[in-house]
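Asker: Sequences listed follow chains A, B and C, in order.
With the working numbering applied, the first sequence has no gaps in its numbers, which climb one by one up to 330 at the end.
With the working numbering applied, the second sequence has no gaps in its numbers, which climb one by one up to 189 at the end.
With the working numbering applied, the third sequence has no gaps in its numbers, which climb one by one up to 188 at the end.
There could be a bad hint or two in this list.
Unchecked claim - With a Cα cut of at most 25 Å, we get these calculated DSS-like pairs of lysine-lysine: (1) C:Lys71 / B:Lys139; (2) B:Lys179 / B:Lys103; (3) B:Lys103 / C:Lys144; (4) C:Lys55 / C:Lys71; (5) B:Lys103 / C:Lys55; (6) B:Lys139 / B:Lys173; (7) B:Lys95 / B:Lys139; (8) B:Lys139 / B:Lys103; (9) B:Lys179 / B:Lys95.
To be verified - Derived CB-CB ranges, DEER-like: (10) B:Ser56 / A:Glu226: 52 to 60 Å; (11) A:Arg288 / C:Arg72: 23 to 31 Å; (12) B:Gly34 / A:Ala185: 28 to 36 Å; (13) C:Asn99 / B:Phe122: 50 to 58 Å; (14) C:Arg72 / A:Ser178: 37 to 45 Å.
What the hints assert, rightly or not - Residues from chain B that keep clear of chain A, each with C-beta distances beyond 10 Å, as calculated: (15) Val22; (16) Asp27; (17) Ala42; (18) Pro54; (19) Val55; (20) Glu68; (21) Lys103; (22) Ser115; (23) Val117; (24) Gln124; (25) Lys135; (26) Gly141; (27) Pro154; (28) Gly164; (29) Gly172; (30) Thr181.
Derived from the structure by calculation, the hints contain no laboratory data.
All values derive from a computational prediction rather than experimental measurement.
Even for Gly, the Cβ is constructed at its ideal location relative to N, Cα and C.
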Amino acid sequence: MSEVNSLHEGASAVCLAAVPEVLETMFFESIAESPDVGSPPPSGALDTSRVDFEGSARGYLVLASPSSLSISLAEAFLALEDQCPSASDIEFVLGELANMLCGSALGRFQPDGSFRLSTPMTHLARTLAEPSQTGFDWIRFSLDNGPLFVGLELEAFE
Amino acid sequence: MGLVVVGVGDCRHALDGSDTLVTYALGSCIAVGIWDPVSKVTGLLHFMLPESRSEIGASASEHPYRYADTGTPLLFRKAYELGAEKRRLQVYLAGGASVVDDGGFFQVGKRNHTAIRKLLWKAGVLVHGEDVGGTYPRTVRLDASSGTFVISTPGKVDIDLKATPSIHGAKD
Amino acid sequence: MQKDIMIVDDSPAMRSFIKRTVVIGGLEMRRCLEAGNGEEALTLLRNDTVDVILTDFNMPVMDGEQLVQNLRVDERLRRVPVIVISTDSTRKRMLSLQSLGVHGYLCKPFTPERLARMLCAAVPGWRAREIEESFL
């Protein structure tokens, strides 16, 4: 049990470090409050993106975002001023966000490791199946344009 | 050669190529300096908060330079009116430190930095140099004739971002 | 002096970000070729060449490492500077790419300014051009 807790804490710690850096650097989004560990997304439709990984560790990273935040993230990343991002734009931007968060977190978790990341799987306006029943701790990041929920599941490592 | 002081929540442009714009005591605030090497049009904005919507009432319209989203467009538009051209402008940032008294705004220095970077990215402008973050105050001098953007901090060596345009700044 | 660039990434969003950086960085760009993976890139370069290639690492069909390996054995393309952009910041990855002779390695997340500087360093003689549009 202690090893599992240690993995959870490690996953949360790398997410707490990686998420602000990625968001601020390439998505121009700020953290507005202290992150809340152990805070799953609410029920209801959210935009989600998931990246699986294997190698020195196996698992996946998932993020969930309300539509308003997804739109804001896409507008910022793609530098859109007078036009709304398309559904395709939003999907690709969220996928890229999940990809970067995963790589950044894993690089912190095991700098001497080796990982292969899957292509992100992104779904817009999807209801998560029992988000409070996952094996990892969701982290809620309150951003200026809405909450972003991030979870990192570390299933095993070499 | 004149010294033009830019106060907190203020913005000034140098009309005479011999002037120096200066702003003091940058804590969590950010100074945005712009300089056109051909026309010598120079501008310096000292803003306090990222967004004007954080303030209620008439404050935003009465004090547009307090906020990145209202002050920055005015900084650039005035410069264009004076003869600057966007393609030639050099842009520098300084400030955004972590401060003890943040007025109730979470990590306001960092948020100011992110806000101005977002505005510039959307506007199609890259930053030539910046010195942001840390926990120390900064004073900035922007010289209109040479475009030097010198940052002074007590106990530290001055940094001229024009001479060394790589990104400076301490991580919190 | 205008240059031709190639951006290889399976994310259209990322290709857009990179392209925008090149444009607003004032780097004179004549052509920008885009590919979604290494195989598409090699197909485009079969009868063509560019001045610099920016490639992601993790891509389906053919990843960035395989692309670079293929470029290195092609007499016509082996000297084209390659910058690899990746989320992978592990030491193993950086060392393996270094051994392949890539010109630069940029870890995500990165600022557009950093990418612009790396491009200027990788391509001799690449200078900023005047930008027509105005904003703000």
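Asker: Next, verify each hint and record whether it holds.
Answerer: Consistency of the hints with the structure:
no.: 1; hint: C:Lys71 / B:Lys139; result: holds (14 Å)
no.: 2; hint: B:Lys179 / B:Lys103; result: holds (17 Å)
no.: 3; hint: B:Lys103 / C:Lys144; result: violated (43 Å)
no.: 4; hint: C:Lys55 / C:Lys71; result: holds (13 Å)
no.: 5; hint: B:Lys103 / C:Lys55; result: holds (22 Å)
no.: 6; hint: B:Lys139 / B:Lys173; result: violated (34 Å)
no.: 7; hint: B:Lys95 / B:Lys139; result: holds (19 Å)
no.: 8; hint: B:Lys139 / B:Lys103; result: holds (14 Å)
no.: 9; hint: B:Lys179 / B:Lys95; result: holds (22 Å)
no.: 10; hint: B:Ser56 / A:Glu226: 52 to 60 Å; result: holds (57 Å)
no.: 11; hint: A:Arg288 / C:Arg72: 23 to 31 Å; result: holds (29 Å)
no.: 12; hint: B:Gly34 / A:Ala185: 28 to 36 Å; result: violated (52 Å)
no.: 13; hint: C:Asn99 / B:Phe122: 50 to 58 Å; result: holds (57 Å)
no.: 14; hint: C:Arg72 / A:Ser178: 37 to 45 Å; result: holds (42 Å)
no.: 15; hint: Val22; result: holds (29 Å)
no.: 16; hint: Asp27; result: holds (24 Å)
no.: 17; hint: Ala42; result: holds (23 Å)
no.: 18; hint: Pro54; result: holds (26 Å)
no.: 19; hint: Val55; result: holds (26 Å)
no.: 20; hint: Glu68; result: violated (8 Å)
no.: 21; hint: Lys103; result: holds (15 Å)
no.: 22; hint: Ser115; result: holds (13 Å)
no.: 23; hint: Val117; result: holds (16 Å)
no.: 24; hint: Gln124; result: violated (7 Å)
no.: 25; hint: Lys135; result: violated (3 Å)
no.: 26; hint: Gly141; result: violated (7 Å)
no.: 27; hint: Pro154; result: holds (22 Å)
no.: 28; hint: Gly164; result: holds (26 Å)
no.: 29; hint: Gly172; result: holds (28 Å)
no.: 30; hint: Thr181; result: holds (21 Å)
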